[in-house]
Amino acid sequence: MTATHCPYCALQCRMTMDGPRVSAGELCQKGWTAGALLGAPDRLREPLVRDRRGGPLRPASWDEALDLVAARLRRVLAGHGPGGVAVFGGGGLTNEKAYLLGKFARVALGTPNIDYNGRFCMSSAAAAAQRAFGLDRGLPFPLADLDEADAIMLVGANVAETMPPLVRRLRRARDRGGLVVADPRRTATAGLASLHLAPRPGTDLALALGMLHAAVAGGLVRRDDLERRTEGFAAAWRIAARWRPEEAERVTGVAAADQRAAVGLLAGARRAYLLTGRGAEQHATGSDTVSAWINLALALGLPGREGSGYGSLTGQGNGQGGREHGQKADQLPGYRRLDDPAARRHVAAVWGVAPEDLPAPGPSAYELLDSLGTETGPRALLVFGSNPAVSAPRAGRVSRRLAALDLLVVADIVPSETALMADVVLPVTQWAEEEGTLTNLEGRVLLRRRAVAPPPGARGDLSVLRGLAVRLGRPAAEFPDDPEEVFAELARASAGGLADYSGIGYDRLRAGEEIHWPCPGPGHPGTPRAFLDRFAHPDGRARFVPVDHRGPAERPGGDFPLIATTGRVLAHYQSGAQTRRVPELAAAEPGARVEVHPDTARRAGLADGDRARVVSRRGTAEAVVRCTPGIRRDTVFLPFHFPGAERANLVTNPALDPVSRMPEFKACAVRLEPA
Amino acid sequence: MSPRRVVVAGYGMAAARLAELVRAADPAGERVALTVVGAEPRPAYNRVLLSGVLAGTLTPADIALHDRGWAERNRVGVRLGVPVTGLDRRGRRVRLADGTSLGYDDLVLATGGRPWLPPVEGLSDGRGGPAEGVATLRDLADCLRIRELARPGAPVAVLGGGVLGVETALGLAAAGARVTLIHPAAHLMERHLDRTAGMILARLCRAAGVRTAIGAAAVRHDPGEGVKLDDGSVVPAALTVVTAGTRPETALAARAGLAADGGIAVDDRLRTADPRVRALGDCARAGTPPQGLLRPAWEQAAVLAGLLTGTAPDARYHAGAPVTRLRAGGVDLTAFGETRLETDSADAEVISYADPARGMYAKVALDGDRVIGAIALGLPDAAAALVQLHDDGAPTPADRPGLLLGRALPPAAGPGPDSLPGTALVCRCNSVTKAALLRAVRETGGDVAALARATRATTGCGDCLPAVRRLAARRHETEGTPA
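Quick mapping for you: the protein sequence lines, in order, are chains E and V. Number 800 in the working numbering belongs to position 294 of the first sequence; there are no gaps in the numbering. Number 27 in the working numbering belongs to position 41 of the second sequence; there are no gaps in the numbering.
Hints are all accurate, no fakes.
The calculated label-pair distances, taken between Cβ atoms and stated as ranges, are:
no., chain 1, residue 1, chain 2, residue 2, range
1, E, S529, V, D433, 18 to 24 Å
2, V, S331, E, D1114, 31 to 37 Å
3, V, R59, E, L1038, 34 to 40 Å
4, V, A307, E, D1065, 24 to 30 Å
5, V, R439, E, D1065, 49 to 55 Å
These aren't lab readings, by the way, just hints derived from the structure by calculation. Where is the CB? At the ideal position from N, CA and C, for every residue including glycine.
Required output: the full structure, derived from the provided sequences and hints.
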């Protein structure tokens, strides 16, 4: 029996494994069936190489594959310089992998071109939390604190499907009539709420402004707290002053009375939380939208008060740790900034390199993918733990960019859609076959344990990075492949940073300690609740950020009268590369379905069960019509887990947030037609 | 090229918005040198929020539109407390009350509106202002004065039952004043509502403690006594608040020969007859007469900012359909478009619902499948949806009762497990159907823990526990379980 954690979302539920079988836990169907991933029939068990473009992938030895990759990388580096090579990581990688991947890019390749799929998840929430609090920890309080909440508002978060066990934490708020859910669909989560607000996609910022207005005009703001603990209320209020709830209603479609009721629930509760999810964040205005919700939370005095708070619900398994340790374009380990000279000196010293040898910040995920194989863009790409051919916005264009590379290398556990395009595929170990740490949505560091032996041909990602680094001329000692050793180095590199792990070690985690970062020394107990005494800005105060509604980058009208929004369904995870291979999950949700109001379907000449095309200015996605009266009539919903012609991202809009560089996954103009 | 000199006469909400948008389009002041001239001695404030000041939830500082340093930071010249008194169009100069003058390349008239005092004996002080014991409700000073006089228990008369009158009456009554609302027409808000809606609104006012005198005209105001009505009765009032509408402030334009009949007429570029002189907001008649609403003023400000800075030279203003909102106390009212068509209309499909006792009323007028007008009283959820349908020109939902009532219909109770078909999911987290659970009940004989082991139901979010318990209880039943 092995006590470990689920391979999927950021909730990282505890589970017990009996060999390859999940035997106990409080889990959703994905967790219970995760054992099937270990024995997936098409599991990659040996490296594959392609001898020529368009030719078949053929098995190869590890030495042959790694030699080939190193030789071709050297050729690109020689011809195009370090910028000719790019690295793309993932929010599912362990802390150790994310850390070593960043080091590999900056030290072994010397390239500024590294980013990861977390850019598509958490970047807006991260940017907004940094601005407001000086620190980005998804939930700056333990998840269990929600148990005691009288009121909880979820904005764009469908936890009943995306992380079902979290619903247990909503019990008390639900029983008190204090659960508010904002979502354009009546999701399973919205169905649990005492108040469901259904804003038009792309207008969440206006909703937050209307609610801030209602809070201030209703005399519900804690002025003493504002005075004592925050800066900038007046400027934020001057914008919100223009957004009477009646004005916000006109833009969002959410009744002014409901806006006031929601504010009343949050303000009237002794313990209240405001939580955002991707629905609020995955917009070209995502950072400002989250800032608007944080402004509301600050006005109501929630952050920094025990038993209340603001948080963002991290999505991917290691979405939190994955954004702290250097696989992000502008970042060094410990949540340090790559453009901060002091941070460069510290990390360079740990790595034994000169600070000036560290590259500058590089382009963000979509910009990086969009530039691949172009005149000025990278010629080679290494992908770890990601499937951008399905998950990136405007996926049709991204697939063409991937095809234009001189070299595409993919490390994965199964032949994902991106792996199938690669010149070299490296079979790596997964979750229950290896050890490693993850940092869950509450900033707690967890140790995943090995439950089974990996298949003979697979190697750990750390070992792959070490093998490549050595072939590129780096000393082997620079790239350890033992996770515990890598973690110890990560802890040193993070020391003194915002996300300080220096007091955390495998010994403490094995002993069962629950440690939330920052944990700045061996005897430090960790920090379950940040901000109780002070926020992380130098003066200890939180910041209101003056933000205004701008609206979605693409508005419906003309040939594209509807708004498409995307998201997850219970049975699948991310690009579906894992879950589509689990028979029970594939049976539960075999393919893409477009959720649509019966009125809207009828106008398009469609009925429940028909095959439909969802057409945007960028492409067409196919799906089966599922009629549901719970969705707005101007909105259709597409899950993003499916490949090929069913890729939701064939239609999505790559308009980027100016601060976080988050693409606008959650609102684009489409039409619906029979397939 | 030197920047164009733009002078804005007036520093109310429209002028403030225009100044902000001009600077958003031209932050460095390279295109436009902007001067704003305000008659009030303070920077612009948000008039719409005066009700909050009246209610005491907002302070005067809260409703300021600009902070102290705003003008300087944004390179806007602001002159306060000096009304524009004269306009020399040929010389392109305005004269200010302090004797100074300003030259302009473009002049924007944003002089706003002023409250109208009906010709009732004793209301006016003889100089156009309100008499002793009488107040209008337009600016901050009015508001502070009313707050002073309308103490709890004080008798107050509100003259005029339009939106502002009803809101004021309800607000003052909530604050403890003994309010009588006097309205000369046959029902309240007759410009916006039909008779039934007006009648229900009056009931709601009375339920909120406001006496009503509807269909009654005021004939005289006596300070210290109150308002005498045309039926001879007297409404006692220590304070009489006049809410009989506003008139566009057009004196300056009229003196300068820019015709001003019911507002300064402007074209879709907000130009008066003199292309160097523009107007916006409550003083301007841009297609339709000014409504005293904020949204048109802001839309006009956006168009004008684009034109004056040259950043949007093709911008044009088109008047949208105004939506009337009234919210005070427990009253929530929305009305727009065609509101007086009745259900027997030959011109449109009209649907209505009336529940006077509960203060609810809905009426929707349809042309084909487009909403052309609606009233929603006490049905805020329906109101929100109707306004969006109207704004978008979107087709009307097939569910007409839902259209009228919104979420006010009682939610259908979720079916218990007994009434579910066998194929229905009981545990969503683990895709467990009722049939699978019943099979497990037969096979394990089981308690809930055994069912959880066999099917994984209840192990995810835990929400199906009551349903699973109920199905588990069926092990005591005799045969005949449907599956």
